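J.: Using the sequences and the hints given, assemble the complete structure.
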Amino acid sequence: MEFFKTATNFPFMSTRKLWYGLSVALVVVSIASFFVRGLNLAVDFTGGVQVQATFSNAVNIDALRTGLEHAGFREAQVQYLGSSRQAAIRLPPQNGQTGDVIRGRVDGVLHALDPRAEVTSLDVVGSQVGDELKSGAIKAVIATLALIFIYIALRFHTWRLSFGAILAVLHDPILVLGAFSLWHTSFDLPVVSAMLAVIGYSLNDTVVVFDRIRERFEGSRRLEPVAVLDQSINQTLSRTIMTKVVTLIVVVALYVLGGQALKGFSEALIIGILAGTYSSIYISSAIALDCGLKAEHLLPTSVKKPIDALP
Amino acid sequence: MLEFPRWKYVLVALVMLLALMFALPNFFGTDPALQVARKNRLPMDEFARQAVGQTLSGRAVAFRGSYLDDGKMILRFASVADQLKARDVVNDSMAADYISALTTASRAPEALRRIGLRPMPLGLDLRGGLYLLYQVDVNGAVAQLLESYDQGFRRTLASANLPFTDITTYTGSKSAIPNALRISLPAGADVNAVRDALKKSNNDLTFSIGSGDSGPTLLMEMTPTQVKARQDYALQKNITTLRNRVNELGVSEPIVAQQGIDRINVQLPGVQNSAEVKDILGKVATLEFRLEDSQNNAAEAKQRGRAPLGSKLYDMSGRPVLLKRELIATGDQLTNATSSAGNEGPEVNVTLNGQGGDSMLRNTRLNVNRRMAVVYIEKSRETRTVGDQKSTRDVTTEKIISLATIRAVLSNQFRITGLTAVEARELALLMRSGSLSAPIFAVEERTIGPSLGAENIRMGVRALGIGMLAVFVFMALYYQRFGWVANLVLLANVVLLTALLSMLRATLSLPGIAGIILTVGIAVDANVLIYERIREELRNRVTPQAAIRAGFDKAYSAIFDSNVTALIAGLVLWVIGRGAIRGFAVVLTLGIATSMFTSLLGSRALITLMYGGRRKIDHVSIG
Numbered sequence: 000m001e002f003f004k005t006a007t008n009f010p011f012m013s014t015r016k017l018w019y020g021l022s023v024a025l026v027v028v029s030i031a032s033f034f035v036r037g038l039n040l041a042v043d044f045t046g047g048v049q050v051q052a053t054f055s056n057a058v059n060i061d062a063l064r065t066g067l068e069h070a071g072f073r074e075a076q077v078q079y080l081g082s083s084r085q086a087a088i089r090l091p092p093q094n095g096q097t098g099d100v101i102r103g104r105v106d107g108v109l110h111a112l113d114p115r116a117e118v119t120s121l122d123v124v125g126s127q128v129g130d131e132l133k134s135g136a137i138k139a140v141i142a143t144l145a146l147i148f149i150y151i152a153l154r155f156h157t158w159r160l161s162f163g164a165i166l167a168v169l170h171d172p173i174l175v176l177g178a179f180s181l182w183h184t185s186f187d188l189p190v191v192s193a194m195l196a197v198i199g200y201s202l203n204d205t206v207v208v209f210d211r212i213r214e215r216f217e218g219s220r221r222l223e224p225v226a227v228l229d230q231s232i233n234q235t236l237s238r239t240i241m242t243k244v245v246t247l248i249v250v251v252a253l254y255v256l257g258g259q260a261l262k263g264f265s266e267a268l269i270i271g272i273l274a275g276t277y278s279s280i281y282i283s284s285a286i287a288l289d290c291g292l293k294a295e296h297l298l299p300t301s302v303k304k305p306i307d308a309l310p
Numbered sequence: 000m001l002e003f004p005r006w007k008y009v010l011v012a013l014v015m016l017l018a019l020m021f022a023l024p025n026f027f028g029t030d031p032a033l034q035v036a037r038k039n040r041l042p043m044d045e046f047a048r049q050a051v052g053q054t055l056s057g058r059a060v061a062f063r064g065s066y067l068d069d070g071k072m073i074l075r076f077a078s079v080a081d082q083l084k085a086r087d088v089v090n091d092s093m094a095a096d097y098i099s100a101l102t103t104a105s106r107a108p109e110a111l112r113r114i115g116l117r118p119m120p121l122g123l124d125l126r127g128g129l130y131l132l133y134q135v136d137v138n139g140a141v142a143q144l145l146e147s148y149d150q151g152f153r154r155t156l157a158s159a160n161l162p163f164t165d166i167t168t169y170t171g172s173k174s175a176i177p178n179a180l181r182i183s184l185p186a187g188a189d190v191n192a193v194r195d196a197l198k199k200s201n202n203d204l205t206f207s208i209g210s211g212d213s214g215p216t217l218l219m220e221m222t223p224t225q226v227k228a229r230q231d232y233a234l235q236k237n238i239t240t241l242r243n244r245v246n247e248l249g250v251s252e253p254i255v256a257q258q259g260i261d262r263i264n265v266q267l268p269g270v271q272n273s274a275e276v277k278d279i280l281g282k283v284a285t286l287e288f289r290l291e292d293s294q295n296n297a298a299e300a301k302q303r304g305r306a307p308l309g310s311k312l313y314d315m316s317g318r319p320v321l322l323k324r325e326l327i328a329t330g331d332q333l334t335n336a337t338s339s340a341g342n343e344g345p346e347v348n349v350t351l352n353g354q355g356g357d358s359m360l361r362n363t364r365l366n367v368n369r370r371m372a373v374v375y376i377e378k379s380r381e382t383r384t385v386g387d388q389k390s391t392r393d394v395t396t397e398k399i400i401s402l403a404t405i406r407a408v409l410s411n412q413f414r415i416t417g418l419t420a421v422e423a424r425e426l427a428l429l430m431r432s433g434s435l436s437a438p439i440f441a442v443e444e445r446t447i448g449p450s451l452g453a454e455n456i457r458m459g460v461r462a463l464g465i466g467m468l469a470v471f472v473f474m475a476l477y478y479q480r481f482g483w484v485a486n487l488v489l490l491a492n493v494v495l496l497t498a499l500l501s502m503l504r505a506t507l508s509l510p511g512i513a514g515i516i517l518t519v520g521i522a523v524d525a526n527v528l529i530y531e532r533i534r535e536e537l538r539n540r541v542t543p544q545a546a547i548r549a550g551f552d553k554a555y556s557a558i559f560d561s562n563v564t565a566l567i568a569g570l571v572l573w574v575i576g577r578g579a580i581r582g583f584a585v586v587l588t589l590g591i592a593t594s595m596f597t598s599l600l601g602s603r604a605l606i607t608l609m610y611g612g613r614r615k616i617d618h619v620s621i622g
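Same order as they appear, the protein sequences are chains Y and P. Going letter by letter, the first sequence gives residues 0 to 310 in numbering that gives the first Met the number 0. Going letter by letter, the second sequence gives residues 0 to 622 in numbering that gives the first Met the number 0.
FYI, nobody ran anything at the bench for these hints, they're computed from the structure. It should be emphasised that the depicted structure is a prediction, and the values quoted were computed from it without experimental measurement. You can trust all of the hints, since none of them are fake.
Result set (DSSO-like, lysine-lysine): computed pairs, CA atoms no more than 30 Å apart in a straight line:
1. P:K198 - P:K227
2. P:K282 - P:K311
3. P:K398 - P:K311
4. P:K84 - P:K38
5. P:K378 - P:K282
6. P:K236 - P:K282
7. Y:K133 - P:K227
8. P:K553 - Y:K293
9. Y:K138 - P:K227
With beta-carbon atoms standing in for the labels, derived distance ranges:
10. Y:E223 - P:F559: 28 to 34 Å
11. P:L17 - Y:S219: 44 to 50 Å
12. Y:I30 - P:L17: 49 to 55 Å
13. P:R504 - Y:D61: 43 to 49 Å
14. Y:G103 - P:L17: 47 to 53 Å
15. Y:E223 - P:L608: 43 to 49 Å
16. Y:E74 - P:Q49: 56 to 62 Å
17. P:S556 - Y:L169: 23 to 29 Å
18. Y:R36 - P:I376: 49 to 55 Å
19. P:G464 - Y:E74: 39 to 45 Å
20. Y:D61 - P:L17: 56 to 62 Å
21. Y:E74 - P:A77: 44 to 50 Å
22. Y:E223 - P:L10: 44 to 50 Å
23. P:Y232 - Y:G103: 31 to 37 Å
Note that the Cβ used here is the ideal one computed from N, Cα and C, for glycine as well.
T.: Dropping the structure here:
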């Protein structure tokens, strides 16, 4: 079986304005959503209490919320968790109360609704720890981006390719952030690690395409850059799509079967992998072209002696 | 012609053989188990193991097997019912000597365990348990030290007949001078004599002479090194104490580790009742033994609202009691404490060290027929938030737990009565495990129920299984025989990764399983890169063997390059992340490394076996 039996010949470069437009639109929507709606930060980052509970029968979310309010828990957020027999309760930081005190109070509310209800997990994160985790996550993202920028700068011989790769690398986590803020999906620590994995992983398509561009230019430096870029992307297209399809198979399996705890994590991976595939096919090379990429930028030319160095 | 050096075949075969061996214990699953340890912390021996086994058999509790592990006995059971029955038997009839903890044990054959092959330990999110992150009040520890210097200075100066007006303590970041004591002397006092006297008992302290409003002053400032040393000491002491307490509680495979400069991370697998555990772990409590002040009237003192000089007023269930300030002994001087049921109700049997014993002997000899009190002192911290302002204050509760007439001269061994059974047990435990040298309070607390843990592992493993199966089917359809090679290589990758994680004793958490799944995707990537390249070469009418060789050679740089960036992200997470996130990073980083090994070497070995040598090939089964 082969999906790409005949060599493809899509005109990626001549249509690049269209793809730029799409990307810019998505990035703008993402950034706007990020600033307007913000992220639905999990207790990992805000501090507070997160409770998961299982009930013997379907539970009424409103009754649960009212019960919590009567028990003195203000601003309780309650939602179903996977099924109507499971609920996630999110509480703001409870002044100085320890986990077992909170647990006792929550147990009281749950048992009033369903004597066989059971708390399956309870997290109490101090606001100080939340702040630290937040700054740790931001540091991790910045450190990863910085290291990858350094790698790109060293790896590609011209800033034109580096610039294309960097924009493509930034593009993907921005879309993940945008999607999480638009859908208000809970943004927790595993999501951050998924984002970092995406930053690392999505670049590898770009690297493969750029490798091919260099190879093509080496073959013939007379070729038009537009043609070389188009051919390079087309030649690596089957590989780019195949690897991503296979990775998506396992990540979708994780999303569907991995349970609630990994939903956000696998969602971030799915969005990131899709965005990464798109950006490495449509964006990174096109940007290099618009920066004026030519054969001589990639190939070492004979070294001329600088005139200034002469006595 | 397609060739692959023989030594590389040998290398691949050897690595895979080793990997299979190390990964093997993970595939047997676990049994419910009971860990039994000696209460006196001595390691269990073969004799004790048989004794416990016989007691259980005598009570008709069936177990699958038992062995000694790190001085503790592990008993495996066929069912949770048997496990719980066994625990009850140990707690009923052997409670004086042994403590037990519910746990799980690998079903892997004894022989594997004997040669050190063990399954990966499971994280709390996969087995249920309690995670606590404690903040240690290291500044409080420094303040405590200053306070003890303060008292020491007062004693030294008083006994040397050197007058002083006042000693002021400066502590904390808000004070003008951090961590210092200022000794104010009356006008005309011999400041050098005072300094020399203090220096004699505390040679490592530095004093500087100044002048105050009413006379000369002496300033003792702690150096940053001294402050740091004190903080480290407090942290390490607390870790030791917490370890002791955790061991006393009977938790199997606990983790107590330092995190950052002033945090302690405690992981207690299988613990569900967090109230009891946290109460004991975080308790800062000690005992003081004091004589009753019988010369003064306690009721009178209560009425006046203050105690006479040298005494302190206490309230013992509504009745006022005056106790001498002078200490006979303190909890620090205890070497052992056990609780038991005595004739007069529950009691704690206490053994003091030499110093404490001498003091007890001296004091009780002089005071027979007078009364001695045991004061229980507990420190806790209250945090309250008013608006945005957060304020914490330390609360010290002092309670007389017993006030009894000294009937005979006591030395280093005696009993304390007047407690409830629970109080006696808890007090004995706290005394044995040592006191916390600085207050701790939980800043993060996560409880995972055992059912959620079991569900997490079940779902994670199922996602891994079904994801891999889907990839297998896809690869076989799309790349035919090459696809099967890729599948075999993929399987080898998971085995190799499992082996590596088991060797490193890395804890497997849910994000770790996710990492394995993601690694499957990445490992396939490398194979796809190679195969697509081979197909491309074939399209260019290259001979099959040349195409295969070119595929591997040309894909090499792309595989290497494309993995570097994922490796960067993995390493950053490894360094910065903690807990489960670090687990993910470890798996991702190692997974990238193993996938490069399996796809570049393993895959090439298999394909060369299939298509290599001098045979003539006119078709490659690559779809």
